[in-house]
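Generate coordinates for the entire structure from the input sequences, incorporating the hints supplied.
Okay, so the sequence shown: first residue is 4 according to the working numbering, each after it adds one.
Since the hints were derived computationally from the structure, they do not count as laboratory data.
In this text the structure is predicted, and so the values were computed from the model without any measurement.
In this text, a Cβ means the ideal position worked out from N, Cα and C, and glycines have one as well.
Pairs of lysine to any residue residues, derived as SDA-like cross-links and limited to a Cα-Cα distance of at most 25 Å, are as follows:
1) K214 - L204
2) K174 - S57
3) K186 - A175
Simulated DEER-style distance windows between Cβ atoms:
4) K88 - S57: 31 to 37 Å
5) D125 - N48: 18 to 24 Å
6) H132 - S215: 39 to 45 Å
7) E94 - D118: 21 to 27 Å
8) A205 - D52: 19 to 25 Å
9) R70 - R209: 35 to 41 Å
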Amino acid sequence: MLQLAPHHVIIKKVQQVHYQSINQSINQRASLITDMFADTGYTGNTLADQLQLSSYQIHLLQQSWQRLRCSPNFFISVFRTVISKNTIAKELFRKTSIIDGFTSYKCYDVKEHADSLIELIDFALQEIHSSIKVVQDRCMLMGAAHCNTCENSMSSSWDQFGDSLAESIAKAEAIRGKRKCLKAWNALLSFIVDRIKGGYLAESKRRASKKSSRQENAGPSSLTATASILKYDNAATEQSTTYH
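Okay, here's the thing in structure tokens:
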């Protein structure tokens, strides 16, 4: 009788074939985490397990991060690149600068977005050995918060953000030319961006569903109210005509 290989062996083989097929071009962000879920169904207990990072790669991430973190302008340039290439992001930041000048409502400019990204990466690296849910939840909350900022879909903006981030990381002096280090950064940043986008899309879907539900519930009563108003107007018109 034909014996199948153990489940974990099959998964490992599938993952190996999958990774060999991934295009590592810096000009196009490879959504490594999405592919991993779709093709293998693999899930790890920790973020490091999920990203399949070796101890050496984690060391490279933390080491290179110390240098990147000291360069806030690096992340500001990432957002400026997104703004220059994505019209929705450009319009969003333009409106933010205007609103911030006329209201006490807190708006976040490019620098503050860069600071938030630094804090998020800091958090991800600190929790690299914690449950994947810890970092995932924080990313998704950040994405969901962006539903308040733009009426149009920001789906393309997240993709552009991921592309710009991957291109900038590949050119960073602390990472450039270090293949294993770059691969680790691509995996981590793809996870972060994908989860932020996922949080945004999930919240957008929830709000759309809630809005649709409200409209359906309000529909019959609105029609009844309109009919009553029309009936009242017609009756008033008839009475007015009779009086005269």
